[in-house]
Amino acid sequence: MTSTSTASSADGLTAVGPRGNRPAPRASTADGASPARPGRRRRRGGEGFLVRYAFIAPAVLYLLLFYGYPIVKNVVMSFQAYDFSTFFNGSAPFVGLDNYATALSNPIFLKALANTGLFTVGSIIGQFVIGLGLSLYFRKHFPLSGVLRSLLLLPWLLPMIVSAAVWRWILEQDSGVLNRFLESIGLISAPIGWLTSSDTALVAVIMVNIWLGIPFNVALLYSGLQAIPEELYEAGQLDGATGWKSFRHITLPLLRPVVSVVLLLGVIYTIKVLDLIIGLTGGGPANATQTLATRSYELSFLEFDFGQGAALSNVLILIALLFSVVYLRANARAAKNG
Amino acid sequence: MTSIAKPGARPERIPPLRLPRRALGALLAPAALGLAGCGSSSSSDPTSLRIVDYYNTPADDVVIEETFTKSAKDLGLTYSREKVPGDQLIPKVLQMGSSKTLPDILMLDNPDLPQLAASGALAPLEQYGFSTAGFTPSIADLGMLDGTLYAIAPTVNTIALFFNVPMLEKAGIDPPTTWEETREAARALTGDGTYGIAFSAIATYEGTFQFMPFMWSNGGDEKDLATPEVAGAAEFWSQLLQDGSASRSVVNWGQGDAMDQFKAGKAAMVVNGPWNIAGLAADTPDLEWDVVTLPVPRSGAESIAPLGGEVWTVPATGDEEKQRNAAKLLRAFVAPENQLRMGTARSTIPGHAATAEQFASEHPDLATFVEQVSTARARTGELGPEWPRTAKAIYTANQEVLVDDTDPAKAFDEAARTVS
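Chains as they are written, first to last, in the numbering used here: chain A, 1 to 338; chain B, 1001 to 1420.
It is worth saying that the hints were derived from the structure and are not from the lab.
Cβ atoms here follow ideal geometry from the backbone N, Cα and C, with glycine treated the same way.
A couple of the hints might just be wrong.
[Said to hold, decoys possible] Now the in silico label distances, taken between C-beta atoms and shown as ranges:
id: 1; chain 1: A; residue 1: F55; chain 2: B; residue 2: S1420; range: 57 to 67 Å
id: 2; chain 1: A; residue 1: W169; chain 2: B; residue 2: K1410; range: 28 to 38 Å
id: 3; chain 1: B; residue 1: D1413; chain 2: A; residue 2: S189; range: 28 to 38 Å
id: 4; chain 1: B; residue 1: D1243; chain 2: A; residue 2: S189; range: 55 to 65 Å
[Unchecked claim] These stretches of chain A come out as covered by chain B in the derived footprint (C-beta under 8 Å, 3 or more residues):
id: 5; region: 169–182
id: 6; region: 195–202
id: 7; region: 263–271
id: 8; region: 281–289
Let the sequences and hints guide you as you build the complete structure.
The following block contains the structure:
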């Protein structure tokens, strides 16, 4: 899970960077040249057709095997009574919408849904605000800024399960570093049960996820900022636009395409976070940090009710899909404007 | 743990595609090889057996290996043994079940047995001459489902109360025997970075395991969770937290975490099992500890603990000759003298009653556990395959009581509703 999300974030990075930088004229040249090509290809007839498909076949096959099959299987599974004994006798009778009815009517579902929303919104706001602040800061070149910027990527490089284990120590109630620190500077008088109280557990998990997501936000926003020509600021300065005004009227409008991409990718990555929560709290205490992802994991792999687990993860996929559509449309718009 | 891929979602069948057949073949060859590679480890030689278990630590692994080696040699059999991480065993078993590659001998954590036996994956053992005659009845029950024997437990464990001898001496306290005494002792022992008592109330089956002795000794029963007896046990745990005698972190502690607190001197008493004894000697040789049976609600009540430990099974692989050989090897493996040897090496208690007595006289330091085992119960004894659901309801209710200060009666009424 860790590796996939990192890989896809990296995709996002390379996809966005060049697009932001690309000067408009080149895009239109490409468009202008394209009508000529299909005509030439069509003339070659059946042979060209085969060759073309041979080129895309590996990709199509890969997608069908590793994306298509699991998704279809997951959808089918959600309509079946697929449990422990299915693995031994192979029988998984279809039960219609029973799995959805049971999974969605469980009181934990509403709690998990609300937690998923809070976790996603909280994480995104924190990551974005801090990420934007840091990337603006790094825009000013100062000694060691390059080193610091690469150090900032550190949370991204650590395996998620390691981060979670370290944060569990930091947040420990009796001997954790965070409570010790807060007590020593006199901010709190009694230790806070970060991961042991249902009031603070979700906050703590969001906090760690913000820490984890900052590098992604900085990397993207920083490269977006690099694409804004320095001359605009110089010109703005002549007109009296400095400080907040230059940010409000130059940086923000020009950064908007990148911002929308960052936010939407952030939502898609955050909504399905599983390993971090499992590592920190396991969804507890008393379900305080249970999200749709952890609940689906719990149903499938701890209760072995794969049917219900699949039903819940389909709900999650649907929500993520919704944001993906928004992302793709925003992306298309950004490409047009960029 | 980090992967959410559904186990069923393996590329078993290839979706139909219009492609030149040769190209398709070339593309699929590596995949086919890969699949064949993972399924073909069972050879056809009926005297060569496959064993799967989760004994990874040297303390367990060495003696298990020795015992199998010796038993197999005497019988003219050979075996290959695969050790998987503890939390990966059931996923692995499910995988092996669906690909028809179950091993010839399989170890299971005892609460998982009824579910697996009910799914038809295991061979009944009586046909192979297994008998539980002479076993402590509750230990024999560990391997039963609906009166049929599917598994055998050579040795078992349970939990009792470890205490830090100097700390109790300094406070002038005797090891507690009742809940009231436990509360008082824990309160007196708390202070200066030390809690009086530690236990595990984590939201996993471990948390339920630790709760059972309190629930059972108080007269509670897993068949009906909505009783004052069950709620009373939860109330006791919650009082320990409210007194400040136990850390609020117990809701996130596994049994190992609770033991670490004890080892670090941050808890004066801890509810835990004999599997820690080797670790205590190795990690904290200077720590002076002793162990007593778990305190009971009132003096005179019986201390009933849950049986822990693993059972051994012969999966129904369909190869009758191999199953017979596997059963033969297993019978030798669980013989009383081997129970004694494994019990000694792993600090676990032999399942055979007379052997357990001999064991207690040879290992006075484990006598408390032998005594605790003699009255212990199997968690799955009453509910069988339904146990996991109830176990989850129990730990969930306890979390609500300990984390949110929910009224115990209310939390367990709700728990009873979720399993009904």
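Q) Any of the earlier hints contradicted here, and which numbers? A) Those not satisfied are hints 4 and 7.
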